[in-house]
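With the hints as constraints, model all of the structure from the sequences given.
So the sequence lines, in the order shown, correspond to chains A and B. The working numbering numbers the first residue of the first sequence as 623 and each following residue consecutively. The working numbering numbers the first residue of the second sequence as 623 and each following residue consecutively.
Some hints could be false.
Because identical chains share one entry, a pair is satisfied inside a single copy or across any pair of copies.
Lysine-lysine pairs mimicking DSS-like chemistry, simulated, CA-CA at most 25 Å apart [as the list claims (entries may be wrong)]:
no.	residue 1	residue 2
1	630	743
2	666	716
3	716	630
4	630	732
5	679	666
6	716	743
7	716	679
8	743	679
9	732	666
10	666	743
Simulated from the structure, these hints should not be mistaken for lab results. Nothing here was measured: the structure is a model prediction, and the numbers come from that model.
2 protein chains.
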Amino acid sequence: MVELDFEKTNGLIPAIAQDAETGEVLMLAYMNEAAFNETLSSGKATYYSRSRNTLWKKGETSGHVQHVREIRVDCDHDTVLLKVEQVGGAACHKGYKSCFFKIVENNEYKIAEERVFDPEKVYK
Amino acid sequence: MVELDFEKTNGLIPAIAQDAETGEVLMLAYMNEAAFNETLSSGKATYYSRSRNTLWKKGETSGHVQHVREIRVDCDHDTVLLKVEQVGGAACHKGYKSCFFKIVENNEYKIAEERVFDPEKVYK
Numbered sequence: 623m624v625e626l627d628f629e630k631t632n633g634l635i636p637a638i639a640q641d642a643e644t645g646e647v648l649m650l651a652y653m654n655e656a657a658f659n660e661t662l663s664s665g666k667a668t669y670y671s672r673s674r675n676t677l678w679k680k681g682e683t684s685g686h687v688q689h690v691r692e693i694r695v696d697c698d699h700d701t702v703l704l705k706v707e708q709v710g711g712a713a714c715h716k717g718y719k720s721c722f723f724k725i726v727e728n729n730e731y732k733i734a735e736e737r738v739f740d741p742e743k744v745y746k
Numbered sequence: 623m624v625e626l627d628f629e630k631t632n633g634l635i636p637a638i639a640q641d642a643e644t645g646e647v648l649m650l651a652y653m654n655e656a657a658f659n660e661t662l663s664s665g666k667a668t669y670y671s672r673s674r675n676t677l678w679k680k681g682e683t684s685g686h687v688q689h690v691r692e693i694r695v696d697c698d699h700d701t702v703l704l705k706v707e708q709v710g711g712a713a714c715h716k717g718y719k720s721c722f723f724k725i726v727e728n729n730e731y732k733i734a735e736e737r738v739f740d741p742e743k744v745y746k
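Structure follows, in structure tokens:
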């Protein structure tokens, strides 16, 4: 039976979303137990928004839903890895495929990717 | 200038280690500012151990060091992604290449990988 350790981190555990095809790491967000259960039952990535204090069905506003192809759990049962198909080709609210679009080089950020969409057009 | 948001999560931010060659997600651990700076300066992944409350130079005991090939930061500056070369071929203290060796299927865990090493021989 699947039991995650939500207690250690006050009810929220990190969840990594990875592109199921390319292996690219798209984003990291948090899940409470309800978000994990909703992800399992709906097959769509659902997180817990720490800023809005509510369940966050990824793609609700942007349409950029994540269809979950596989769910993995780490050895300590306190982190989730989702292999997803990212609708719209971009996970990041800033318009990039991956939230990890900044490389650290010589104590500066270097933008490593091109934008997929213009956030101002998607989030009206 | 690189500035991470350590405040939001009480000084510790999640850091994902990904195999630089294959893209496999190896593990997730936490970094405080000192761990991040040590990773930058040494080129070897250094985390903060929440159980031991101290800096954790990955591989100190096992020899399974992670040489950092690239450091990325997410859009909110509160998560780190390391692309690493994993010495010894295994990141997990349970002897698997990845800590994410369990797939969730029908509310059960299914082991998805073979062990690379025997933990009892490595951690004496």
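Comparing the hints with the structure gives:
1. Within a single copy, residue 630 and residue 743 get their C-alpha atoms no closer than 39 Å, and across copies no closer than 29 Å, so neither meets the 25 Å cut-off.
2. Proximity of residue 666 and residue 716 under a CA criterion of 25 Å is satisfied intra-copy only: 21 Å inside one chain copy versus 30 Å between copies.
3. For the homomeric pair residue 716 and residue 630, the shortest alpha-carbon distance between copies (20 Å) is at most 25 Å, but the shortest distance inside one copy (31 Å) is not.
4. Taking identical chains as interchangeable, the C-alpha atoms of residue 630 and residue 732 lie at most 25 Å apart only when they sit on different chains, with a minimum of 23 Å there against 35 Å within one chain.
5. For a Cα distance limit of 25 Å, the shortest separation of residue 679 from residue 666 inside one copy, 8 Å, qualifies, whereas the shortest one across copies, 36 Å, does not.
6. For the homomeric pair residue 716 and residue 743, the shortest alpha-carbon distance inside one copy (11 Å) is at most 25 Å, but the shortest distance between copies (47 Å) is not.
7. Proximity of residue 716 to residue 679 under the C-alpha cut-off of 25 Å is restricted to the intra-copy arrangement: shortest distance 17 Å within a copy versus 33 Å between copies.
8. Within a single copy, residue 743 and residue 679 get their C-alpha atoms as close as 20 Å, which meets the 25 Å cut-off; across copies the closest is 44 Å, which misses it.
9. In the homo-oligomer, the alpha carbons of residue 732 and residue 666 lie at most 25 Å apart only across protomers (21 Å), although the nearest pairing inside one protomer, at 32 Å, exceeds that limit.
10. In this homomeric assembly, residue 666 and residue 743 come within 25 Å of each other (Cα to Cα) only inside a single copy, at 24 Å, whereas the closest approach across copies is 41 Å.
In terms of the numbered hints stated before, the structure departs from hint 1 and from no other.
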